[in-house]
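**Q** Now for the letters of each chain:
There are 2 protein chains.
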Amino acid sequence: MSKGHEAENPLMPVTARGEATRRKILDAAEEVFGELGYYEASISEITRRAGVAQGTYYIYFHSKRTIFEELVRDIGERLRADMRAAIAGADNRIEIERRGFQAFFQFVSSHRRIYSIVQEAERVAPDAFYSYYHKISQGYIRGLQEAMDEGSIRQLDPEAIAYTLMGIGHFIALRWLIWPPESGQKKEIDELPENVFNSIMEFITHGLSLSAPEHKAP
Amino acid sequence: MSKGHEAENPLMPVTARGEATRRKILDAAEEVFGELGYYEASISEITRRAGVAQGTYYIYFHSKRTIFEELVRDIGERLRADMRAAIAGADNRIEIERRGFQAFFQFVSSHRRIYSIVQEAERVAPDAFYSYYHKISQGYIRGLQEAMDEGSIRQLDPEAIAYTLMGIGHFIALRWLIWPPESGQKKEIDELPENVFNSIMEFITHGLSLSAPEHKAP
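Line order of the protein sequences matches chains A and B.
Per UniProt numbering, the first sequence runs over residues 1 to 218.
Per UniProt numbering, the second sequence runs over residues 1 to 218.
If we strip away everything but chain A, and leave its shape as in the complex, we get (with noise of 0.2 Å):
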């Protein structure tokens, strides 16, 4: 799994202004990749959108596919930490998996083009991809594996239900928030419907709750 592409890249300012033209050039290829896709996307056009010369690009980014990989890396990072800030002080794994899958659900609703980007990620730079849910379920599986050892949730396989958990997660956002409307349904959903995440958040809490003990001597 790759490490992230900061050390790639020795020029890369840490100046405060640095650090804002930098976020204004991967801000731009959020929107130009996501609407054009990777292949159609052109430096130029992010450079024209960050309202940046491309002499000023060329110090932040090698190539097309560098800022790519760079701002795949850059979303993981930003999903994770609205994340970590969502369950911070939730005092039970079900209650962590609620706000987890809200945060999620909100941070795909405000960056849409986002999974597009991530996706597409698979084909054109496929370590950026693979670190970006490697990362991801690392901290699901420690999370679950220490309920699982406090016994507060079911004894299963942590990767297993930590791809579970990221597979509803990313189908639900899909088909309420990313793909267009199916025909007959009204446009523009902005949230997840009410029902839908009740619903998932019913079958999640029983399909990792305890059992209730069923005969069992006292």
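What the hints contain is simulated information worked out from the structure, not anything from laboratory work.
Careful, some of the hints might be misleading.
[Stated by the list, open to error] If you want the footprint, here are the derived chain A segments under chain B, 3+ residues with CB under 8 Å:
#, segment
1, 110 to 123
2, 150 to 159
3, 166 to 174
4, 202 to 209
C-beta: ideal position from N, C-alpha, C; glycine also.
Given chain A, put chain B in place with the hints provided.
**A** Showing chain B alone in chain A's frame:
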């Protein structure tokens, strides 16, 4: 949603020999798109591998995009046929899920390249992509709704649960059958590890099953 693409090609032959040639071209296309991706794949590489002349190709397909769309439709049809066959005769929803998931993982492990083709379709041929998932979800929603109406599984939003289960299958397949093994793990896993399958089935079973009545007066 698209209705499939047969109607767009009135020249499609219905003789057994014509059908065999068409199948040969589709199989070659699955190989080429799977290896190279849509953008790098070429009709000449497809006809070379299929062992047919370019002129023959154009009897069956108009363009690179046409055959790509047809391939996504064809993959969806084969997957749904395999899953229908696997669940025939199962007499409760949990058993249907178990057999359906088994058939799904079996299909993915013997058609690994399919996944990158279907995922790439989101950008390259969105109608074919949405239609692929829409058709899978429709059968799923119907089956879950019936089981909920009979009272044999928990009452939840059937569409939310259909996408939940599709998401689980998708991510578990990606992690253990499609993506390269994580460093330190043995390579070339041909089947889903049994403990992974058992963990997800236990999670799904508890997620779907009716709770044992708790503290209820008889």
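**Q** Take the hints in turn and mark each one as holding or not.
**A** Hint check results:
Requiring three or more residues with a Cβ within less than 8 Å of a Cβ of chain B, the coverage given for the segment 110 to 123 of chain A holds, as 5 such residues are present. Check on the segment 150 to 159 of chain A: 4 of its residues sit with their Cβ under 8 Å from a Cβ of chain B, so the three-residue criterion for coverage holds. Counting residues of the segment 166 to 174 of chain A whose beta carbon lies closer than 8 Å to any beta carbon of chain B gives 8, which reaches the threshold of three, so the coverage claim holds. Judged by the Cβ-Cβ criterion of 8 Å, the segment 202 to 209 of chain A is covered by chain B as claimed, because 7 of its residues qualify and three suffice.
No hint from the list above goes unmet by this structure.
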